[in-house]
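Chains as they are written, first to last, in the numbering used here: chain A, 268 to 518; chain B, 116 to 291; chain C, 567 to 637; chain D, 72 to 432.
What the hints contain is simulated information worked out from the structure, not anything from laboratory work.
For each residue, glycine too, the CB sits at the ideal point set by N, CA and C.
Worth double-checking, as some hints may not be accurate.
Stated by the list, open to error - Some chain C residues judged to face chain A by a derived CB distance under 10 Å, without partners named:
{"no.": "1", "residue": "Met571"}
{"no.": "2", "residue": "Pro627"}
{"no.": "3", "residue": "Glu632"}
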Amino acid sequence: MKPVFTYTKGMLPVSTSYCPGCTHGIAHRLIMEVLEENGKLGDTVGVAPIGCSVLAHQFMNVDMCEAAHGRAPAVATGIRRAQPHKVVFTYQGDGDLASIGMSEIIAAAARGERFSTFFINNGIYGMTGGQIAPTTLIGQRGTTAVEGRTKAQFGMPIKMCELIAQLECAVYVERVALNTPANVRKAKKAVQKAFEVQEKGLGFSFVEFLSTCPTNWGLTPSDALQWVSDKMIPYYPLGVYRAPQPEGGQA
Amino acid sequence: MIEKMFFAGSGGQGIILMGQMITYAAMYDNKAVTFLPSYGPEMRGGTANCTVVISDKPVSCPLVYEADVVVAMNLPSLTKFESLVKPGGKLFVNTSLIDQRPTRTDIQVIDVPANDLAAEMGNGRAANMIMLGAVAHSIGIVADAAFDKIMQKTFSGKKAALLDLNRAAFHAVKVN
Amino acid sequence: MAKFMVKIQDETCKGCGVCVSVCPKKIIGMRKQVNQKGYSPASVTDESACIGCASCAMMCPDGAIEIYQVD
Amino acid sequence: MAEKVLMKGNEAFAEAAMRGGCRFYFGYPITPQSEIPEYMSRELPKRGGVFVQAESELGAINMTYGAGAAGGSVFISSSSPGIALMQEGMSFLCSAEVPAVILNVSRCGPGIGGIQPGQADYFQATRGGGNGDYHMPVFAPCNMQEAVDIIYEAPALADKWRTPVMILADGMMGQMMEPVALPDPKPFVEPEEIPANKPWAITGYAKKPGGARAVVKSLRMQPEALEEHVERLFARYDAAKAELTRYECIGLEDAELVFVAYGTIARLTLEVIEMLAEQGIKAGLIRPISLWPFPYEAFDQIGKRTKVVVSAELSMGQLIEDVYRGVNGRLPVELIHRTGGIIPTSIEVAQKAKAILEGLK
Numbered sequence: 268m269k270p271v272f273t274y275t276k277g278m279l280p281v282s283t284s285y286c287p288g289c290t291h292g293i294a295h296r297l298i299m300e301v302l303e304e305n306g307k308l309g310d311t312v313g314v315a316p317i318g319c320s321v322l323a324h325q326f327m328n329v330d331m332c333e334a335a336h337g338r339a340p341a342v343a344t345g346i347r348r349a350q351p352h353k354v355v356f357t358y359q360g361d362g363d364l365a366s367i368g369m370s371e372i373i374a375a376a377a378r379g380e381r382f383s384t385f386f387i388n389n390g391i392y393g394m395t396g397g398q399i400a401p402t403t404l405i406g407q408r409g410t411t412a413v414e415g416r417t418k419a420q421f422g423m424p425i426k427m428c429e430l431i432a433q434l435e436c437a438v439y440v441e442r443v444a445l446n447t448p449a450n451v452r453k454a455k456k457a458v459q460k461a462f463e464v465q466e467k468g469l470g471f472s473f474v475e476f477l478s479t480c481p482t483n484w485g486l487t488p489s490d491a492l493q494w495v496s497d498k499m500i501p502y503y504p505l506g507v508y509r510a511p512q513p514e515g516g517q518a
Numbered sequence: 116m117i118e119k120m121f122f123a124g125s126g127g128q129g130i131i132l133m134g135q136m137i138t139y140a141a142m143y144d145n146k147a148v149t150f151l152p153s154y155g156p157e158m159r160g161g162t163a164n165c166t167v168v169i170s171d172k173p174v175s176c177p178l179v180y181e182a183d184v185v186v187a188m189n190l191p192s193l194t195k196f197e198s199l200v201k202p203g204g205k206l207f208v209n210t211s212l213i214d215q216r217p218t219r220t221d222i223q224v225i226d227v228p229a230n231d232l233a234a235e236m237g238n239g240r241a242a243n244m245i246m247l248g249a250v251a252h253s254i255g256i257v258a259d260a261a262f263d264k265i266m267q268k269t270f271s272g273k274k275a276a277l278l279d280l281n282r283a284a285f286h287a288v289k290v291n
Numbered sequence: 567m568a569k570f571m572v573k574i575q576d577e578t579c580k581g582c583g584v585c586v587s588v589c590p591k592k593i594i595g596m597r598k599q600v601n602q603k604g605y606s607p608a609s610v611t612d613e614s615a616c617i618g619c620a621s622c623a624m625m626c627p628d629g630a631i632e633i634y635q636v637d
Numbered sequence: 072m073a074e075k076v077l078m079k080g081n082e083a084f085a086e087a088a089m090r091g092g093c094r095f096y097f098g099y100p101i102t103p104q105s106e107i108p109e110y111m112s113r114e115l116p117k118r119g120g121v122f123v124q125a126e127s128e129l130g131a132i133n134m135t136y137g138a139g140a141a142g143g144s145v146f147i148s149s150s151s152p153g154i155a156l157m158q159e160g161m162s163f164l165c166s167a168e169v170p171a172v173i174l175n176v177s178r179c180g181p182g183i184g185g186i187q188p189g190q191a192d193y194f195q196a197t198r199g200g201g202n203g204d205y206h207m208p209v210f211a212p213c214n215m216q217e218a219v220d221i222i223y224e225a226p227a228l229a230d231k232w233r234t235p236v237m238i239l240a241d242g243m244m245g246q247m248m249e250p251v252a253l254p255d256p257k258p259f260v261e262p263e264e265i266p267a268n269k270p271w272a273i274t275g276y277a278k279k280p281g282g283a284r285a286v287v288k289s290l291r292m293q294p295e296a297l298e299e300h301v302e303r304l305f306a307r308y309d310a311a312k313a314e315l316t317r318y319e320c321i322g323l324e325d326a327e328l329v330f331v332a333y334g335t336i337a338r339l340t341l342e343v344i345e346m347l348a349e350q351g352i353k354a355g356l357i358r359p360i361s362l363w364p365f366p367y368e369a370f371d372q373i374g375k376r377t378k379v380v381v382s383a384e385l386s387m388g389q390l391i392e393d394v395y396r397g398v399n400g401r402l403p404v405e406l407i408h409r410t411g412g413i414i415p416t417s418i419e420v421a422q423k424a425k426a427i428l429e430g431l432k
């Protein structure tokens, strides 16, 4: 029998701690698949954030460490310096990256740190129970805004790709979504590109995954995927926000 | 033997350099030394002072509350630090810039018109070396050869052209 | 004879049903019985209709689905 | 012994760390230690090391955590408010058993406080300034040579005991110049050597002997696992105490009054002891060099003639808590202090010491 789809060895043979239908599992798998295909599982160091994916090191089959809330880009900066020849990545949620860790991510991107950041944007604080995140959409409900987010109270949701793409040393910036099989395939290409840019030593690479949180959104997993299409993508447009110029060509 | 010295003036007068040079010279002369600058947010134009302790045994305390020597390079330094001189100690006054007289009578006051002498030698910026020479020769605990060594180190490379002038300035005033 | 074999690991599946919604042939359903974790796992109702697109596996957050082409 | 050179404290600290094998420095400017990042930015790259100016002290301590977790030998420095900002990271380093050398060129507080020397970070340093149960070795040298020697030794101690090591200096030590003999530089460890030297480090497991996957972490969701972890940390602290406990005793045998003081104020106390001797009063000194572990055993050397033990410090009474524990009720304990920022004169300390002795009569 010829395998059409098999589960990557980059994921450890354990059940994840994520809720049913949570797209963290897809993002994990894509990153590990690419590393396995590149033959880099044994030459990679990952940084897990605080939040639902704090236990990512129990699922991803690479050397990893935990970082304090928001500090993963600083931790990865240190790892990158001590192990200049390894693949280094951070895996961060929206509260971690776009709220408490805004300083660290912007500074790392500005320095053009040679690692890749995978940013899970599901517009909510998952592990702490559904509070408003910096990326929560206007009108979206959270336990700290039960009537829904308003601009007056929280301002507007932060578009991280657009922000990061302003920084010259952030050489690859793309937003993808994990809501359909076609988008998941595109997401994998983005992961491949991010690691490629890193290995070429071109600078910082950043991939934002529009993701679901069925539990805290109060939707079924399938409806949550539909919600990404209907609500998130219109506000957070998919696409490449910054890419290295092809050699000799124009951007 | 222990000599506690305090150098004071304004930023740009070369106060820190005076203190550092006598500290180096004393170290070359195998003395125990400490050098402690004042530090603070005013980077330029503020007051500058430093404390130097020279001893023939390890320096226990690098701070000075009663100084054997106080050097006042400008008027605010005189008014502020005259009281620091211990009875019988020496107060060096840069009379080029200070037209007031010290009020203490229990100390030895040594007048050095440092800026005027430096101007006569052709470079007003050498005033600190004139004063340093006066202090060094007055306390007499550090050999001239050690001073010459630090003089050569300080005025080398791009500053080599200034060596002769500063050497001359250092030897311009000899007081006891 | 089915062209593809869809292997769903009952104990890995969390019964989220994403595979059900993304299958273009609508040949995945949820079982009645529950696994040890308490979830009703997905299962293929008509394997002969599978076109091997792997959409289900692609979207499975838990790596519970593998697909093989039958020789 | 190498020829002595005259160096500014901050530069001597930085030089000693590099010579001790620290290849990485992550820093953020703050008075009175900004000469350290400046010196490192010039010197480290020349020698094959790495300097990064971090976005904040939070960034710096977490870069330290990352580089240390990946097996690098890291030195960082800051001053009191910056060290406060680093406490989250220090708690992480301690729990995750990541070695590093951390220098606090302390100033006076609370809040932004002032930039003059102070010792009010004693509790923060010795009690664990971050959350949770942990300690880290803390050394408080009192002169430049001692500081250089301990900073030079610190990376090896940190690696041996899998812990950050803190050096507590102050603004006066950072800014003053004093001759020092610099020890010979140790070679930097290459990234390729790390998997064999530190199998626990996150280097990627491909080249690791045995090929085991490494995880550096501090989260333990099961309370039983957490308790076991913390107890293991504390068992290691106990094992390390003999090697880490350091102090100096001066003139305790026949002292009427015994000072306990560390760092800058201990140095000043030496002058006080001379002053008191000139007036016929015998005073001695217990000078803790390690603040954690604290040298409680030094107090057993206090002689029969001693009437009082005095904690001399630049804080409102922090060191005195350990002095009470050391004295353990055997003698009266008194405090001579300023808040920091103001260093008392030796004359002032001597007068207060005399008044304490007279008050006992």
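Against the structure, the hints come out as follows:
1. The interface hint given for Met571 of chain C is met, as the beta carbon of that residue sits about 7 Å from the closest beta carbon of chain A, less than 10 Å.
2. Hint on Pro627 of chain C holds. Least Cβ distance to chain A is approximately 3 Å, under the 10 Å limit.
3. Hint status for Glu632 of chain C relative to chain A: holds, with the closest Cβ pair at about 5 Å, below 10 Å.
The structure meets every hint from the earlier list without exception.
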